[in-house]
Structures are given as structure tokens and as C-alpha cells.
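Q: Sequence:
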Amino acid sequence: MKPVVSAFNAWSCTVLSVFAIVILSALAGLYRSNHEEFTGGVDDPEDGKAVSDTIFVAVLVYVLCSIDHLSGISQLRESIHDDSKLQEWWILPHHSLQFNDIAADHELEKDIPVSHQDFPGTEREMPNPKATRDEVPEAGGNSRTYQGSGKLKGKRALITGGDSGIGAASALLFGREGVSDIVIAYLPEEEKDAQDTKKQVENEGAKVHLISLDLSKQENCKKLVDFAVEKMNGIDILFNNAAYQMMVQDIKDLPEEQWIHTFNINIHSFFYISKYALPHMKAGATIINNASINAYIGRPDLLDYTSTKGAIVSFTRGLSNQYVSKGIRVNAVAPGPVWTPLIPATMDDEAQKQFTSPMGRPAQPSEIATCVVFLASSDSSCLEFYPGGSRRYAILSHVWGDDEVTFKDVASGDSEEALHLERYDTCCIDKSSSAELSEAINSMFRWYAESTICIAFLEDVPSSESEEEWRKTFANSRWFTRGWTLQELIAPGKVVFYGRDWQRLGSRAELKEDIKSATGINYELLDATHHMAEIRQCQLGEFSVAQKMFWASGRETTRPEDIAYCLLGIFDINMPLLYGEGQVKAFKRLQEEILKSTDDESIFAWRQPRYRVEGKTYWSLLANSPSAFDLGQTSKDLNGMVPQRSKYLSLRSGSSMSMTNRGLDLELPLTPFPIDTSGTIFLAFLNCEFRRGQTSINPAILLQRAAWDRDSHFVRIRPDILALSMMNSIILPDELLNMIRSGQTDVLQEAIPRQIFVPHSTPDLRYLKGVIFRPEVKGVAKDSKMVVRVRSRSPTWQYFVDARSGPSTTPESYEINFDLAPGPSLGSLQASIVLGVLELDLGSSDSTQCLVMGLEPLPPNPFQTMPLYFSPWYAFEEHTWIAKQDFSRVLDKTQRRLEWRAPDIVTAKIGIESRYSSLFYSLTLVIENSRKVNTWF
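For the sequence shown, full-length UniProt numbering assigns the number 1 to the initial residue and increments by one for each residue that follows.
For the record, the hints were derived by calculation from the structure and aren't laboratory data. Watch out, some of these pointers could steer you wrong.
Beta-carbon label-pair distances, calculated as ranges [what the hints assert, rightly or not]: (1) 247 x 558: 26 to 34 Å; (2) 500 x 322: 20 to 28 Å; (3) 501 x 665: 54 to 62 Å; (4) 150 x 325: 26 to 34 Å.
Below, a list of computed lysine-lysine pairs in the BS3-like style, where the Cα atoms sit at most 30 Å apart [what the hints assert, rightly or not]: (5) 207 x 223; (6) 192 x 252; (7) 252 x 326; (8) 222 x 153; (9) 252 x 153; (10) 217 x 275; (11) 222 x 199; (12) 231 x 207; (13) 231 x 275; (14) 153 x 192; (15) 153 x 207; (16) 616 x 585; (17) 252 x 231; (18) 494 x 472; (19) 217 x 207; (20) 252 x 223; (21) 616 x 588; (22) 275 x 222; (23) 494 x 585; (24) 153 x 326; (25) 192 x 217; (26) 222 x 252; (27) 472 x 512; (28) 516 x 616; (29) 207 x 282; (30) 472 x 516.
Nothing here was measured: the structure is a model prediction, and the numbers come from that model. Positions of the beta carbon are idealized from the N, C-alpha and C atoms, including for glycine.
Put together the whole structure using the sequences plus the hints.
A: Next up, the structure:
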């Protein structure tokens, strides 16, 4: 499959323009599916000549305004579908324009005045508002004069129909952008407009050559090209702009002569002029064809005109494929209604009255000309697509300052690289297109990795002959604090740093000591020279998640979500972008994606400063930002220590982790926290390690159990505390040690940070596996029957809301599960409370017993955290006591009976869990020797 690229002008102001965009998108999908494309093709891969160039640019131009003189396109959307042949693609630099604001602010103009001229019409005789050639609108309805910047300096241009309208406006802006020579072709009737245009363009410094002829004839097309080559000694820009239209309402009334004449002017002349001009055009030249929005909407009263414009679109597609390998770009603009002399010369009164838009006016020629300038300049050259390794390119990496930095500033630098492309600036992604932005960010690491060189411009590092002077500011450069520059530092095979006045400071390898000091990135990555994304990803895979997060700690991004999105390439992750979700959600989504492809538990080895922990009791296992992995900012003892992958395989190496609707499902070794009488606080040990010399230390985090009978339900508490373990000993920080210190403690060897101690007692580690316990079933008589009736003895609790029965793993046992609706908050429970009573009737009066369920507060834990639950209990009681509502025996622990005279018939298990942020209590009742169980509520 080959890439397809469509560029749409976001200035379309009419419903027809929006409809055209939908049509273009559908056409792009059709071309992809049929392996037909209008961009550059990919040759036979066996020939080693695969070169792909996106040339066709369908710019739907119904513009109100252009607020940037450097670009007339507000949006360029690239739809690219990679296959094994497509390895790299280039992003179109442009400026993000907010036309919606302009539209809202723009005051609607009066109706276009109706007037009439003989074909082809002249600008001199047009009514007000006059067609403008160099005025571009700004927000609020104001306008300003287009300012050139030398984009086309020294170029030679040929424009057909250049006496007025879009052609004249393009000629004027060409001159303002530095074109040296322009040949303008026009009809004899347009002589006055042509002379005015010549004078105006020559005032900009360009030399203008006029030639009057009828382009409906093939010989005149040849004559035009010969004239241009004679006058300019070559052609760099060809703008096929001449057009003819005449309105006819019905095909029955359309003269055959008009049909032929329209095709001769609108498409045949494009073919002949391009055919004769291409032998005189070199690599880097460009052809721009003027199509129309009518090619996509099929205006009924311009049948012949619409047909030719559709032909121009296809002609552009095919020609672009032919000349991509020769380095010649072929583009097209597709304007909507534009206020040119052709309108009063070809439209009747009613058509002129409707020649407007929701903005209140048609576009001005100057607004279309900005698009033509863009396509004529090298700014659009990066629409080329190349298979991997076929072209060499550079990346300019910098932090935005007051002025934009371009490769023109470094054109003479690193000439030994012999780069084919002069510019590649990924800072200029079209951020107004969410699809393009998402695709670009998810592909960014590959662009960087496969570049020939990354030029890092550090504006805040002053030039100095003394290396000692600039090194003082190098490591503190703002460039090292931005989130997006992390990929630009790591991914490329070669990075060269330049100071403020483009003084070469050194390569990444040459400055690795300073860079490691500034970023903490390991030497292995700073010395690497590979230019393949896969190899770079393999190298990054050797480092733990915590290490990579540490490199990003302290970095900032303009948009909060980007602190997560700028790490996608570092972790080889692809995920959608959801701007507006906030930093915490975006960063947790990133970690959830990471967990799908790794068993690296260092992702849990993070800490929060104490002041951020206060006021929040329970925490997720996932961090809120990369800064949590900079352990040195939260503990001097851990300064410079980053959790790494364990050197040795353990029983848990390769264990799975998965995210469920209840949380993260994984296995961790636990040990009860000393002096915790509640039995709910544990230390959980992570399968990663800190290294100090030859010493390896494993981190441990604090967890609190969330359900009495579900050993696998935990939450993290006190994330400001990170305990450590070494061999069979637990190393506790002062916060924990002070709680349990009762005797002498020993300080470890110097490899261990100071103020971290080892208790003499060795805790008993065990694995937590969350296995559901099912009681062993004993066989009894098959004819026994049991009826279970449910009664509630507490007004604060509802009846059981659910009852389910069914065979367990053993066919002779049945299990009934009851969920109790949530009651009062746990904080209000100060003593034992009875939740409910089950009457168990075994079929005889002397066998009726009651199962009583209750809660009681847990003992306090040393961290004074709110308990996630109270200890549930159940007990059996005689029916006569319950009938009298006497619960004294079951509330008294010393008299509470957990067994009765038939313990092998009924077994109960009560638990508590949290669902949808509410607490639920469940009862599991295993009834043996029963083929059927009936339940009543």
C-alpha cells in the first residue's frame, strides 16, 4: 500500500466547502484501498529505487483571511498508512491559524454589487469592493499588507492568466518574496490589466516579461514556453492558472463549441505547457495547477468548467507520480468563490447575488495567492515521502524563543553530512488537526531515531572562546528542562549542540559528562550511534521503567498532558491523545499501557514528598507524574539512587500484571508491619533494586489491606515512605524505625545510605496469591432437604439484595452468596453491630438455628489511617434467643459460638468489599447434602 496525502485548506467558509472535505476524505480512502494514489509512488523495492513523494495538495480555498505572511494554509492534514516500504515521512511546517475567531469577529459586508463586463473582464472595471492583490485579513476584520521574507529569492516563474485575479496577486507576492523573473501570459483584451500588474510587480524588484496569446491553441502553448525559456533561461515555478467559464443551466443548451473551448483552455493548455516546460525544469522546481472546489461538488450550471477542474485534479495526481523521482513537485489549489473579473464577465445577476459565503463575501485573490506562494516555496518541499534510508535528513531541536529558528541559520554548518533535505522542523506540526497531531506524536521517536543528525540549538548558552565559560551555563540550559527534548536527546544517532551565535559546542558523546550531570541519562545511551528506531528501542529496553521516568523528572511541558505524551517513544508506546484529561489521568494512562508489555516492578518504586501526602490517606500503585521517581528530592538518603532491573532472576520474574475494573492484579511478597495490631498494614517488596557498589537493595512500599476475607485487595498508604530490604533483613527509614525501635540497631556498611537501619529480627516473608478458599465438602444423605429463610434484625441495614445459588466445584455442595446494601459510614461505627440474621431450617423443629452476622471495629494501626473496613464476624445462635431479640451471647466474644451441633452441614463465610466507591458485605453459605436450595426474602 502506498501513502496518500490530502491537504485541506481550513479556510473553507461555505457548506459546500465542508462537503468537499468529506468527499476528499472518502476519495483518499478509496485510493488507498485500490492502491491508487495521487501522491508519489513507490517503485519496485527489488530495484532499490523506492521513492515516494506527496505532491498533490488539494487546498480548498474559500478564504476569508490569512493572518500570517509566511503561510497561506491554515491546515495541512496528512493521511499516511505505513507499510513495510514506508519508513519515514516529513512534516509540513506552517503556522496554526485560528480562523473561527476571525469568523466570529468579522463584520459581514454588504451584498456583492451586480455588474457586467465582456469576457474576460478587467479589474479596472470591477465595482467596489475591488479585488485585492496583497491585502490579507487579520482578526477583527482588519487587514494588513503582505510582507515578503525571501522565500522565492532568485526563482523564475511562469504564470498563465497573470494579468488579474489570482494570477496577478500571485505574481505580486512572488515578486515580494524575491522572484527574479516572471513571465505573464494573458489575452489581448487584458492588456491594460497586464501593464498595471507588470508595473506593480517590477516595483518589488522582479523583472516582468509579458506575452499576449490565446492558450486554447497548442502552438501558442509551445510559443509561451519557448518565450519563457528565452527570457529567463529556465523555469523554476509554473503556475497553470488560466481558465474559462460560462454559465449554462442545462446540458441541452450547452454548445459543443463551448465544451471544446473550455477543455482547450482549462485542461489542454495545462497539459501542453507542462509537457513543454518540464524539460527546462530541474530538481526542486514546482508546478502548481489551479483547480476548483467545483471539482468536488459538481456545480450544475458550470458543467463544462466543473468537468475540466475534475480533470485537473486527476492530471495533478498522475503527473506528480511521474516526476516525484526527479525531485519536481506537482501541487494543486482548489479555490471556492473568489472575487475576480471572471465573475462579472461570466455570471448573470442572480448568480452574482449568491456569490458570497456565510462570512458575507467571497475570497480575495490575495488570500489565494498566499497558498500559491507556500506551494511554490521550499516550505512545502517536506511533503516528500521516502522509504527508509533513501534520503538523509536533519532535525533542528530548540526551545521556542522570541524568533523562529530555521535551517537557513545553519545552512553552512555540518556540511560533511551532505544532507538531501535542508529543513525538518517537527515543531511545526498542524496542532489544529487532532488526527495529525496524534499521528505525529506517536511517530516522533522514529523520526528522530532515523535522522542523520539532530542539531540542538541552545539559545541561552552564550558564545565564548573559553570552553570553561560556556560549560557553566550548558548543563543549566532550558533545553534540558523541556519534556519534548528528551526524545530529541536520546533517539538520534548523532546530536550536535550549538550555542547562541551558532558556536559549535560539541556532540552528545563529547559532552556526555555534562549531559549526564544535567539529565541522569546513562553513558551507554549517550555514546550510542545507531540510526535505527528498533535498535534504539532495544537499547532503551535495558533500562528500568523507573530509570526512564527519572530522566523525565523535573522536565516541563506547556500542556499538562504532554508530560505523559512526550514519553510515548521512550517507552515504545502508542496511545490516543486526550487533551483536557489533565496530567494525572494522562500519566496514569501511560503507565497502564506500559504495564501491558512489561513485568518491571520498578514502576511502583516512587515517592511523594511528605507535604503532598498530608490530607490524602489512600493512594494508587501508579504515580501522578515523573517527578515522583526523583527519589533524591524526597530523601537525601536516596539521592542519586534509581531503581534498576534486578540482576538475577527470581521466582516472580516474568510474572503477569493486568489492569482490571477493580484495580491492578499482580503478586507481591508481603510481610506484616511490626506493631500493627489491626493486621492490615504490610510491607510489599518490589522485584527491582538499588545498587551501591556491589550491594543490591530492594525497595518496599506500604500497603493496607482492604478486605478481611479477600487477601488480594490492597491500597497503598504513606507514599512518602520507601523501605528497603537487603538479603534477609528489612531496612527501614527513620519514620518506620521510630515506631518499632525497642533495642539496639546496627548501621549497615558504607554502601548503604546513612540513617537507614536494620532491625535484628528477620520478618517472615510470604507470597500473597489471593486464592479463594472453598471448604472441604463431606458426603451426607441424599434425601436431606434444607430451607433457608432470610430475616434482617437490624433496621439500619436492608435485606439481602441478591441471592445466587449454584453448584460449586463439588456437585454435592451448594453455595449461596448474599450482598448486603451499604449501611452507615464505617467512621460512625463505634462498637459491634449486628448486620442480619439467617434462619436455617433443616426440616425439623429441633434443628432450627440462626446464623448471625456482625461487624466490630479493628484495632488501631500505627499510621492512624482510616480503616478500610471493620472486622466481620458470624456466629450461630439458637432460634429461641433470636426470637426474643437477645443478642447478648453473640455480641460477647467469650460466649460467641462459631460452631453448632451440625457444623459439617452448614459453613459460613462473611466478607466485605468495595464496589463503585461503596462498601458491600457478602455472605457465602456452603450447604452440604442438598440437591436444591430455596430462598425467600
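Q: Against each hint, give a clear statement of whether it holds in the structure.
A: Now for the hints, and whether the structure bears them out:
At roughly 51 Å, the beta carbons of residue 247 and residue 558 sit outside the given window of 26 to 34 Å. For the pair residue 500 and residue 322, the supplied restraint of 20 to 28 Å is violated, since their beta-carbon distance comes to about 46 Å. Checked against the hint of 54 to 62 Å, the pair residue 501 and residue 665 passes, with Cβ atoms roughly 57 Å apart. At roughly 29 Å, the beta-carbon separation of residue 150 and residue 325 lies within the given 26 to 34 Å, and the hint holds.
Proximity of residue 207 to residue 223 is assessed by CA-CA distance (about 20 Å); at most 30 Å being required, the pair is judged to hold. Annotation: proposed proximity of residue 192 to residue 252 is violated, straight-line Cα distance about 37 Å (limit 30 Å). Note on residue 252 and residue 326: the hinted pairing is violated, with a Cα-Cα distance of about 45 Å set against a maximum of 30 Å. For a cut-off of 30 Å, the pair hint linking residue 222 to residue 153 stands: about 27 Å separates their Cα positions.
The straight-line distance between the Cα atoms of residue 252 and residue 153 is roughly 50 Å, outside the 30 Å bound, and the hint therefore fails. Restraint check for residue 217 and residue 275: the C-alpha separation of about 14 Å stays at or below 30 Å, so the hint holds. For the hint linking residue 222 to residue 199, the alpha-carbon distance of about 26 Å falls within 30 Å, and the restraint holds. Restraint check: the Cα-Cα separation between residue 231 and residue 207 comes to about 10 Å, which is no more than 30 Å; the hinted pair holds.
Restraint check for residue 231 and residue 275: the C-alpha separation of about 19 Å stays at or below 30 Å, so the hint holds. Restraint check: the Cα-Cα separation between residue 153 and residue 192 comes to about 28 Å, which is no more than 30 Å; the hinted pair holds. The straight-line distance between the Cα atoms of residue 153 and residue 207 is roughly 13 Å, inside the 30 Å bound, and the hint therefore holds. The suggested pairing of residue 616 with residue 585 holds, with an alpha-carbon distance near 17 Å, which does not exceed 30 Å.
Proposed proximity of residue 252 and residue 231 is contradicted: the alpha carbons are some 45 Å apart, above 30 Å. As the CA atoms of residue 494 and residue 472 are separated by approximately 23 Å, the hinted pair is consistent with the 30 Å bound. Pair hint residue 217 plus residue 207 holds up; C-alpha atoms about 27 Å apart against a cutoff of 30 Å. Between residue 252 and residue 223 the CA atoms are separated by roughly 36 Å; this puts the pair beyond 30 Å, and the hint is violated.
About 18 Å separates the Cα atoms of residue 616 and residue 588, which keeps this hinted pair within 30 Å; it holds. About 9 Å separates the Cα atoms of residue 275 and residue 222, which keeps this hinted pair within 30 Å; it holds. Taking the CA atoms of residue 494 and residue 585, the gap is near 34 Å; set against the 30 Å cutoff, the hint is violated. Restraint check: the Cα-Cα separation between residue 153 and residue 326 comes to about 22 Å, which is no more than 30 Å; the hinted pair holds.
Distance check on the hinted pair: residue 192 and residue 217 sit about 23 Å apart at the alpha-carbon level, within 30 Å; holds. Between the alpha carbons of residue 222 and residue 252 the distance comes to roughly 34 Å, so the proposed pair goes past 30 Å and is violated. A distance of roughly 15 Å separates the Cα atoms of residue 472 and residue 512; the hinted pair therefore holds under the 30 Å criterion. Under the criterion of a C-alpha separation no larger than 30 Å, the hint pairing residue 516 with residue 616 is inconsistent with the structure, at around 35 Å.
Distance restraint check for residue 207 and residue 282: the Cα-Cα separation of roughly 21 Å lies within the 30 Å cut-off, and the hinted pair is therefore satisfied. At most 30 Å may separate the alpha-carbon atoms for a hinted pair to count; residue 472 and residue 516 meet this at roughly 15 Å.
Taken one by one, the earlier hints fail for this structure at numbers 1, 2, 6, 7, 9, 17, 20, 23, 26, 28, listed in ascending order.
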